[in-house]
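Protein chains in written order, with our numbering: chain A, 1 to 415; chain B, 1001 to 1265.
Source of the hints: derived by calculation from the structure; they are not laboratory data.
Check each hint, because a few of them may be wrong.
Claimed, not checked - Cross-link-like lysine to aspartate or glutamate pairs, in silico, EDC-like; alpha carbons within 16 Å at most: (1) B:LYS1221 with B:GLU1061; (2) B:LYS1221 with B:ASP1098; (3) A:LYS279 with B:GLU1108; (4) A:LYS279 with B:GLU1061.
To be verified - Some chain B residues flagged as far from chain A (calculated, every beta-carbon gap over 10 Å): (5) GLN1077; (6) GLY1106; (7) LEU1175; (8) LEU1184.
Virtual Cβ for every residue (Gly too), placed ideally from N, Cα, C.
Chain by chain, the residues:
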Amino acid sequence: MTQEAPTKDGLSTATFVSAAVDERIHAVNPVQAFGRRIREGQLGVLPVIVGLIVIVIVFQTINGNFISPSNLVNLSTSVAYIGMLALGINLVLLLGEIDLSLAQLGGLSASLMGVLLLRQGVDPWVAVLAMFALGVGVGFIQGWFFAVVGIPAFVVTLAGLLAYSGLTLTILGTQKNLSVSNTFVSDLANFYFPETLAYAAGALIVIVYAGGQVFGAMRRQRAGLTRPSYLGIGIRSVLLAGVTFGFLAIVNQDFGLALPFAVLIAVAIFIDLVLRKTKYGRAIFAVGGNVEAARRSGIRVTWVRISVFMAAGVIAALFGLMKAGVTTNAGSTLVGTQDLLNAIAAAVIGGTSLFGGRGSAWAPILGALVVGSINNGLYLIGFSSDAQQIITALVLLAAVVLDALSRRGQRRSGR
Amino acid sequence: MTPTTPVLEMTGISKRFGAVQALTDVNLTVHAGEVVGLVGDNGAGKSTLINIISGVHSYDEGTITVSGERVSFSSPQAAQRAGIATVFQDLSLCDNLDVVANLFLGQEFLMGGVLDEVAMEKKSWDLLRSLSAKIPSVRIPIAALSGGQRQTVAIARSLLGSPALVMLDEPTAALGVAQTAEVLNLIERLREQKLGVLLVSHSMADVQAVCDRIHVLRLGKDAGDFDGANTSTETLISAITGASDNVVSQRAAKNSLAGAERTPS
């Protein structure tokens, strides 16, 4: 039963596969593993997925148009920009900090781009480059004030929020309205993928996911470690395929897969890989968990903090571009505090902790789906926007309570 | 003691903080496979000495050699590279990360620029096995572990850089009886692996239980080097406090006399 496979550090596997009672050999029973995760408050994305299913069922029963193709296309584009902003805020939340300025920064960069493009007649590429440069630059400055000067991020970014809304008005001059309809911005936002291309992309995602999971499980088994059960991998892959192709099949009856939503998913996949698979991502979680421990481990804490604020700035600019395209507006009314609060709510509802160090790149996406669905569903039923805000607030409160409870649960279940 | 090169040899170490002479002419030697206890009252200079050995503070006079080589550290990282691993009292673990992530924090195994979780997890089990550590899973966050288990993880992490000397700062300070015993077992396992161990502790019982030699500091000076197994608590306490007629040692002597009468051994 032993096989001599030389490993990286020159150890043989013979020492590992010695006893059948070894706790690493048998595959983990999914039911037991699940029970343990509940007790330890490590539910991850489960509550929000359950919540999402409940929301869909409720709205679909009240108003049959909720899962209609045209509404789903609508929903996907509005989720795209809520989710994009939430991805940026999510990164800062992982550090245990908060960035209140991101929505205004997105509005400022969109207005800058619009003014350059329409009033100055600048090349579209240059205009877009300028807006992203603004995002990175502002992120760097805010990060520097926080990480080097030592001013709380809350204060720095609150000052930013005010400054950027003022700057937006200054850039726009006397004419505060700026429509970007019939420019490349709105063309991009209204681009829909051809049916076959969308299905091919969906299939690629499912295949790469399942393949990666199986490959990982095989590597773990070869190394003599517990591997996730193939049944679990199969179930997760089938679920992913079902959701992906179900969504694509419905939206393809209407316009199809919108570019903003595809960009959101692509950016989320990228951030997810960086967070889970790289040293840099590990460093972000470490700084969010225990700054002193991270510093003693040789992590360059200051650089990690500044770079995260810069990344959030870039994402904010992307959010500005998306929302300007979807709403064909780059004027002073493009963003409001509602955007910021929706994005923070989305990240927290999705399961990213406000206390730092816990969360994932999928939390803001799932949270944005919840927030977007609630707003959209209530609108369909005919609720006013006041009611939408109140209900989003209640969901946010529930998510924060869940976050606090799961922290407590984790501490209690020491083994 | 065999005439081998000591893993750590400090001679004539002095350190001033402004008007305060924190350490005066301190000499300390730790050999491979030896556990040396460092005890002293509050303000005796233990913390200063720990900080000097771990590279946090510089020293004014004296020499430090590690495994025969003269060293001077400018940073904790430099001390680590020289072969001195320090487990700080607060353990420096990230509660939100799992055991593997904590063990390899800052020194992750990479495979083509991507974290090699399989290799790290395997090495984690190796390491924890070699310490006979009782950790239920290496994939649960540190927050879900007990105090003793956390101490184990912190000690295991200190071993990753293949150090010559492991310095433990109050490893049993906040632990229960069983967990303390577990940590003491761990220290004995470090000795079996031929590492030098410097154990800084307030607990006389722990130091006497596990140390080969006990080095006492008093008011920044050496106050004696005692044999670990054959030194009584009173002797240690009088060395720590600096007087045999001190109220503390009188009380200890009285109690141990009374104890000896009750349970002759």
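Which of the numbered hints above does this structure break?
Hints 2, 4, 5 and 6 contradicted; others consistent.
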